[in-house]
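Chemist: Make the full structure from the sequences, and use the hints.
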Amino acid sequence: AQSVTQPDIHITVSEGASLELRCNYSYGATPYLFWYVQSPGQGLQLLLKYFSGDTLVQGIKGFEAEFKRSQSSFNLRKPSVHWSDAAEYFCAVRGGTYKYIFGTGTRLKVLA
Amino acid sequence: EAGVVQSPRYKIIEKKQPVAFWCNPISGHNTLYWYLQNLGQGPELLIRYENEEAVDDSQLPKDRFSAERLKGVDSTLKIQPAELGDSAVYLCASSPGDSRDTEAFFGQGTRLTVV
Chain U
1 AQSVTQPDIH
11 ITVSEGASLE
21 LRCNYSYGAT
31 PYLFWYVQSP
41 GQGLQLLLKY
51 FSGDTLVQGI
61 KGFEAEFKRS
71 QSSFNLRKPS
81 VHWSDAAEYF
91 CAVRGGTYKY
101 IFGTGTRLKV
111 LA
Chain X
1001 EAGVVQSPRY
1011 KIIEKKQPVA
1021 FWCNPISGHN
1031 TLYWYLQNLG
1041 QGPELLIRYE
1051 NEEAVDDSQL
1061 PKDRFSAERL
1071 KGVDSTLKIQ
1081 PAELGDSAVY
1091 LCASSPGDSR
1101 DTEAFFGQGT
1111 RLTVV
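Just so you know, the protein sequences line up as chains U and X, in that order. Residue numbers for the first sequence follow the working numbering, so the first one is 1 and each next one is one higher. Residue numbers for the second sequence follow the working numbering, so the first one is 1001 and each next one is one higher.
These aren't lab readings, by the way, just hints derived from the structure by calculation. This structure is a prediction, so every number in the text was calculated from the model and none was measured. Some hints here could point you the wrong way.
Derived contacts from chain X toward chain U, CB cut-off under 8 Å, selection only [what the hints assert, rightly or not]: (1) T1031; (2) Q1041; (3) G1042; (4) L1045; (5) R1048; (6) E1052; (7) E1053; (8) A1054; (9) L1060; (10) P1061; (11) P1096; (12) S1099; (13) E1103; (14) F1106; (15) G1107.
Calculated lysine-lysine pairs in the DSS-like style (CA-CA distance at most 25 Å, straight line) [to be verified]: (16) X:K1015 with X:K1062; (17) U:K49 with U:K61; (18) U:K49 with U:K68; (19) U:K99 with X:K1078; (20) X:K1016 with X:K1078; (21) U:K61 with U:K109; (22) U:K68 with U:K99; (23) X:K1071 with U:K99; (24) X:K1062 with U:K99.
Here a beta-carbon is modelled for each residue, glycine too, at the ideal position from N, C-alpha and C.
Modeler: What follows is the structure in structure tokens.
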């Protein structure tokens, strides 16, 4: 069965510091992987996605993620965090049935 | 281009009352999803439509929840009767459906509070 694990429920970083949010997935074949961001009271906005090809993918707002098949991971990174990045981040996997499975999310707090 | 539109944004009802949520997907998107998001959790699929056909409703509590997507465009999700535990955010999403290399686009959600 497909599943997504985001081991960090909360992460706090200082503005300007680097960020890495962890995501591990379980899926039998090559998955379609996504990172979404959700600000309070808002829906989910796509940051980036991986379908195939280059395992390092670039997204919006300066985010990137690296697909590592051997580790079943798709970690999200940003070299320098801005206060506006404070939000909740969701990793998702989608299989052939077009069903998205989401992790429980990581809430990011940014200190000024 | 307009995104996925949901209404209402917020709804407060008393338990045992009925409630309905409406979703207008992005024009041309064949696939429509309803997701449930409990506080502090990730979204969980309730139902997926391909055009007007519900192709995955295995996680929809059919004793009280129902959904429809007449004409394969707008969709309505209904709860009758609502229970306290139904308090959550209900998200609608859509995707083109004719290509695997795309993503789901989400609406802003409807926050339901059952008192």
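Chemist: Hint by hint, note whether the structure agrees.
Modeler: A quick look at each hint next to the structure:
| no. | hint | in the structure |
| --- | --- | --- |
| 1 | T1031 | 6 Å, holds |
| 2 | Q1041 | 6 Å, holds |
| 3 | G1042 | 3 Å, holds |
| 4 | L1045 | 6 Å, holds |
| 5 | R1048 | 6 Å, holds |
| 6 | E1052 | 16 Å, violated |
| 7 | E1053 | 13 Å, violated |
| 8 | A1054 | 13 Å, violated |
| 9 | L1060 | 13 Å, violated |
| 10 | P1061 | 17 Å, violated |
| 11 | P1096 | 11 Å, violated |
| 12 | S1099 | 10 Å, violated |
| 13 | E1103 | 5 Å, holds |
| 14 | F1106 | 4 Å, holds |
| 15 | G1107 | 5 Å, holds |
| 16 | X:K1015 with X:K1062 | 18 Å, holds |
| 17 | U:K49 with U:K61 | 14 Å, holds |
| 18 | U:K49 with U:K68 | 14 Å, holds |
| 19 | U:K99 with X:K1078 | 21 Å, holds |
| 20 | X:K1016 with X:K1078 | 13 Å, holds |
| 21 | U:K61 with U:K109 | 16 Å, holds |
| 22 | U:K68 with U:K99 | 22 Å, holds |
| 23 | X:K1071 with U:K99 | 22 Å, holds |
| 24 | X:K1062 with U:K99 | 19 Å, holds |
The structure fails to meet hints 6, 7, 8, 9, 10, 11 and 12 from the earlier list, while all remaining hints are met.
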